[in-house]
Amino acid sequence: MARQVISAVLLLTGALFCLLGAWGLLRFPDVPSRLQAATKPQTVGLVSILLGSAVQLAPRHAAGLLLVALLQLVTAPVIAQRVGRAAYRTGRFRHDLLVVDELARRRGGVASPGQAAEHR
Amino acid sequence: MSRRSAGPEPAARVFRRPGRLLWLWAVWMLLWGRPTPLAALSGLLVAAVVLAAFPLRPVAPGARFRPLPALALLGHLVADLVPSAVAVAWQMVRYGPRTRSAIVAVPLGATSEVVSTLTANAVSLAPGAFVLEIDHEAGELYVYALAAGDEQAADRTRATVLGLQRRVLAAFGAAADVPAPGRRRRGARAGTDDAEVPDREAW
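Chains as they are written, first to last, in the UniProt record's numbering: chain A, 1 to 120; chain B, 1 to 203.
I should point out that these hints are in silico values taken from the structure, not numbers from a laboratory.
Some clues are possibly wrong.
[Unchecked claim] Stretch by stretch, here's where chain B covers chain A in the computed footprint (C-beta under 8 Å, at least three residues):
(1) 2-9
(2) 23-29
(3) 33-42
(4) 54-64
(5) 69-77
(6) 92-105
Given the structure is predicted, the values throughout are model-derived calculations rather than measurements.
Cβ coordinates follow ideal geometry from the N, Cα and C atoms, glycine included.
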């Protein structure tokens, strides 16, 4: 019984975070902010769902799910960095929404394609 | 892209780092989910082949692994996960399409590649931030953070990143990098900005 309750709470919490992540994809204005929605709430949602399922399973199967959670935690930041970097270099940033951009300063005003158009 | 440095021979590489062999083997066993002798044997074989075929770049000399600070770092990151997701969700609900953000340069000082890479990975689990660009030569991270139009957010981001770096250094840094209490960390760049980083005093 206790196991059912823990599992239900974790699964529902996970679903809620996944929903928030999906909503964030729609609501945020540009690639980097959408990446935030796709990595953070989504990761917590997935891990929570995995834990909720692991509670119901025999330990040897649960261990596999924990491995999935670990790999998600390790790879999500890497993906965010690669995609974010590519987005910056191809001008998929809303530069008008940046309060500070110290990377542009380093690149010495060498605008990425599309940046000039958006920066005005 | 991935530069392969001329390391030791493939066969030597496999046995030089038994920890990696063991870890890959453990992952293999977890994937199989049932400890049969065949799975155990084939796991060893696969782990050896993976290590021989895909060399990692050599770790900087002097870098060490300290289990206790590493556990503390892991705990800190896991504890950070949920607040981080909540923070992003709150930004999304509150500001949505008008969310403002900032790209902040964080000077890490002279640290090894391992430390800057791990710090970058840790930062991406911090609330509303991820690393956009890693400049290994200059030892700088360019961190993107959701800021909600707040000018102080840049300083807060810098403080967060440097705090995480301190934890990574404690766990994986070379002996000289680990800050003794009351001693200034070697290689820390002072006054790169007029930003008052609260964590600096703690060094």
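### Message
Quick check: do three or more residues in the segment 2-9 of chain A have a beta carbon closer than 8 Å to a beta carbon of chain B?
### Response
Not satisfied, violated; 0 residues make the cut.
### Query
Under a C-beta cut-off of less than 8 Å, do 3 or more residues of the segment 69-77 of chain A approach chain B closely enough to confirm the stated coverage?
Satisfied; 4 residues make the cut.
### Query
Holds or violated: the segment 54-64 of chain A covered by chain B, criterion of 3 or more residues with Cβ-Cβ distance under 8 Å?
Holds, because 4 residues of the segment 54-64 of chain A bring their Cβ atoms closer than 8 Å to Cβ atoms of chain B.
### Coverage of the segment 33-42 of chain A by chain B, judged on three or more residues with CB within 8 Å
holds (count 7)
#### Entry: Proximity test - 8 Å, beta-carbon atoms, the segment 23-29 of chain A to chain B, at least three hits
Three-residue rule met by the segment 23-29 of chain A, so holds; n is 5.
### Message
Closer than 8 Å Cβ to Cβ for three or more residues is the test here. Does the segment 92-105 of chain A pass it with chain B?
### Response
Answer holds; 9 residues pass the 8 Å Cβ test.
Checked against the numbered hints above, the structure violates only hint 1.
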